[in-house]
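**Student:** Got chain A sorted already, so can you dock chain B onto it with the hints?
Protein chains: 2
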Amino acid sequence: MLEWINGTQGRGVKLDPVMPRLLSLSLAAVCGACAHAPMQVEDIGSFHISGRQVTLSGLPITEVTLTAGAPPVRLDPNGDFQTGQMYVQYVRLAAPKKSLPILMWHGGGLTGVTWETTPDGRPGWQAFFLKRGYDLYVSDAVERGRASWSRYPEIYSSPPFFLAGKDAWELFRIGPPGSYSSEPAARKIFESGRFPAAAFDQFRKQAVPRWATNDEPTQAAYHQLVERVGPCIIIVHSSGSNFAYQAALRRPDLVRAVVAIEPSGAPDPGTVDVARVKGVAHLTVWGDNTERSAFWQRMMPGETRYRQALSASGARADAIDLPKHGIRGNTHMLMMDSNSDEIAALIEDWLVRSGVTR
Amino acid sequence: MLEWINGTQGRGVKLDPVMPRLLSLSLAAVCGACAHAPMQVEDIGSFHISGRQVTLSGLPITEVTLTAGAPPVRLDPNGDFQTGQMYVQYVRLAAPKKSLPILMWHGGGLTGVTWETTPDGRPGWQAFFLKRGYDLYVSDAVERGRASWSRYPEIYSSPPFFLAGKDAWELFRIGPPGSYSSEPAARKIFESGRFPAAAFDQFRKQAVPRWATNDEPTQAAYHQLVERVGPCIIIVHSSGSNFAYQAALRRPDLVRAVVAIEPSGAPDPGTVDVARVKGVAHLTVWGDNTERSAFWQRMMPGETRYRQALSASGARADAIDLPKHGIRGNTHMLMMDSNSDEIAALIEDWLVRSGVTR
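Chains as they are written, first to last, in my numbering: chain A, 1 to 358; chain B, 1001 to 1358.
Just so you know, these hints were derived from the structure itself, not from any lab.
Watch out, some of these pointers could steer you wrong.
Below are the DMTMM-like pairs computed for lysine to aspartate or glutamate, each with C-alpha atoms no more than 20 Å apart in a straight line [what the hints assert, rightly or not]:
1) A:Lys-166 / B:Glu-1063
2) B:Lys-1166 / A:Asp-43
3) A:Lys-97 / A:Asp-43
4) A:Lys-166 / B:Asp-1076
5) B:Lys-1131 / A:Asp-43
6) B:Lys-1131 / B:Glu-1154
Next up, chain A with everything else stripped away, as it sits in the complex (with noise of 0.2 Å):
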C-alpha cells in the first residue's frame, strides 16, 4: 500500500534544510482571544463544479429485494447519469479581515472533512483560518465524499481500493512500522507522537475509496474551481499537492500562495515552465518521523527538486520542517494532532509576512 498517497512524483534528491528566516516564527501567535469570538458569517452555502453528462446503454435490467420479505424491483440502470465533478462548500464572513479566501484541498481517500473538528473534538483548521478573518472553499474531489463517484468498469475505468487501518497508521506516521493493532489499547504511536491516537479509528471514519484513474477530471474541476473563486490561497494536503501546483502553472495571476501539507506529489521541474509561478509564493509544511518511512524518504525528494527549481526562477519557496524547529512528533495528518492550532497559526504567520494577504 506504500503508493497510496502518492501522486505522480518522488525522485532522488536530499531534501534541502528549512530556510534560515523562519526561525523566528512565532509559537505564541495562536490568539487565544479571537478565537472565542462569534464569527459574523454572511453566507454559508455550496455548489458542485465541472463534470459532463454520460449516457449507459445496453446495460442488463436487474431486480433488486428493497426489503427483506417483499418482491424484487426490477431496476434499469442505464440512461444519463453525471460525472467528473466536484463538491465545494464555502463560508464567506461578513466582514473578512483578509484580503484572499483559502480553498482547503484534502489528500488521498480523504475529503474536506480532513479540515473540519479534528477526530477528537477539537476546532479544525476551517474554524481557525475563518476565525482568523479569511473566507473559506472546503472541496471533496471528484470520486469522493459529497462529490459522489460512477460506476465501474462503465464510467470510471477501473474499480476503487480501500485504506486499511494499518496501512493508515503507518502512511500517516502514528506509529513506526509493525505498531498497529486491530485492538486500539495495543497500538503504540512514536514517542512524543502528537496525534490524537485514542480517535485514530474515528479518524478512520473519514476515509473513503480512492480511484487511481482519475486525476484528469480531478485536475479540470480544480482549474474550474480556481477560475470561479478567483485571487486565492491553496491550503493542501498531500497526494492533492501536485493539483494545487498545476493550479499555480496555470493560473499564477489567481493563485497567490500555495501551502503543501506534507506533499506526496509535484510536477517534475524538467516538465513545466517553472519560471510562470515566480510570483506565487510557495510554502511546505513536514512532520516528524519522515527518516523513519521507506515511503517518506522516497516521495520527499521530488518535492524538494521542484522547491529547489521555484527557488532558483525566483519564487518564495519556503519550507518548515517541524522537528529542525524542535516541534516534535507531528504526524502526516498534522491539521489533526495535538498542536494543530499552532502549525495553523505558523502558516498564517507566513501568509501575512511574506505579503501574500493584507
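**Tutor:** Relative to chain A, chain B alone:
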C-alpha cells in the same frame, strides 16, 4: 425504478384533507430583513457517529497502475475498516433565537447537500433556518457522501444502484412521464412547475449511489444522533422519513417534532406503539402533481394511515397539501423549488404556532 424513493411502506388508504386551521398560514412570513443580516456563528464543525470495525482477510493481493506507464503497485485489500458510520455537520449560533436545534435528514440517493444552496444558486433551507435562529445539524447518512461507503459483497451485502436522469425527473415530478430528454432544451416541465429546471443537471451532480441493504445501520446511526444532540426538531425528506418516525417512537422525550417533506415511508401503525409519540408534533408537506404519478399515488396512503393513527392517539399530526392552498407547481424537491423560502416560512410558522419551539 419506481421504488427508488420508497423506504419500506406504502399502503392503501386515501390522503385525508389538510387541517382547516392550516389555511391561515401566512405566505408573507418570509422575513426580508433578517435574511440579509450576518449570522453570529459560534461554531462550525462535524463528526462521524455510529459504525463499527470490520476485519477482512483472505482477499487476494491486487495490482493497480496508479499512473499511466508506471509499473503496477501491489495492494493488499485485507485489514481493518470502519463501516456503518454517519457524517454530521453542525452550525451553532452564538445566541440561537430558538429553543431547539433542527436536524436535517436527506432522502434516498442524496446527501445533506439537499439542504444547502439550491442547484440554481439560491440560499437553501440550511441558510434559511440558521437565519431564523436555529442551530443546525445536516447529516450524510450511512453509505453516502462524507459518511463514506464500504466494499461489497465483503462488507455491504449487495451492490449499489444508480438513479438515471429520466427516473429522477419523473420520480421527483419535475415533469410528466415521458417529458425527460438527454438534451436539456428538449425537456418539458409541468405547467407552472417550480423546479429550477435549467439547473436539473446541476442538481443531478448531488446524486450518490444507493444500497438496498443498509437500513439497519442507518437507523442505528440516526438513533445515536438524536441521543447526542438531545431535544430537537427533525426536518426529513422522502425516504428518510421512516427513520425519523422511528427515531421519534424510540425517543419521544427528545424528538419534539417531525416535519416530513414528501415522505415515502411511514411505520405501519399496527406494528408500533403510536401512543408513545402523542406528545410529538408531526407535520407533512406535499407538493403538486402527486395525482399524476403512479408512484406517489401508491406511496402516499401509507403515510396518511400513519398520520391518522397519530391523530387518533392524540398527537398533533398536520399536513400541508400545497396545491390545496393554491400553491401550485411544487415538486418532490420543494426545498429547491423557486418558492423554497416560502415553504420554509410555512414550516417555521407551524413550528412556532404549534408550540414546538419558542
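**Student:** Determine for every hint whether it applies to the structure shown.
**Tutor:** Hint check results:
no.	hint	verdict
1	A:Lys-166 / B:Glu-1063	holds (19 Å)
2	B:Lys-1166 / A:Asp-43	violated (33 Å)
3	A:Lys-97 / A:Asp-43	holds (16 Å)
4	A:Lys-166 / B:Asp-1076	holds (11 Å)
5	B:Lys-1131 / A:Asp-43	holds (10 Å)
6	B:Lys-1131 / B:Glu-1154	violated (44 Å)
Going down the numbered hints, you'll see the structure goes against 2 and 6, while the others check out.
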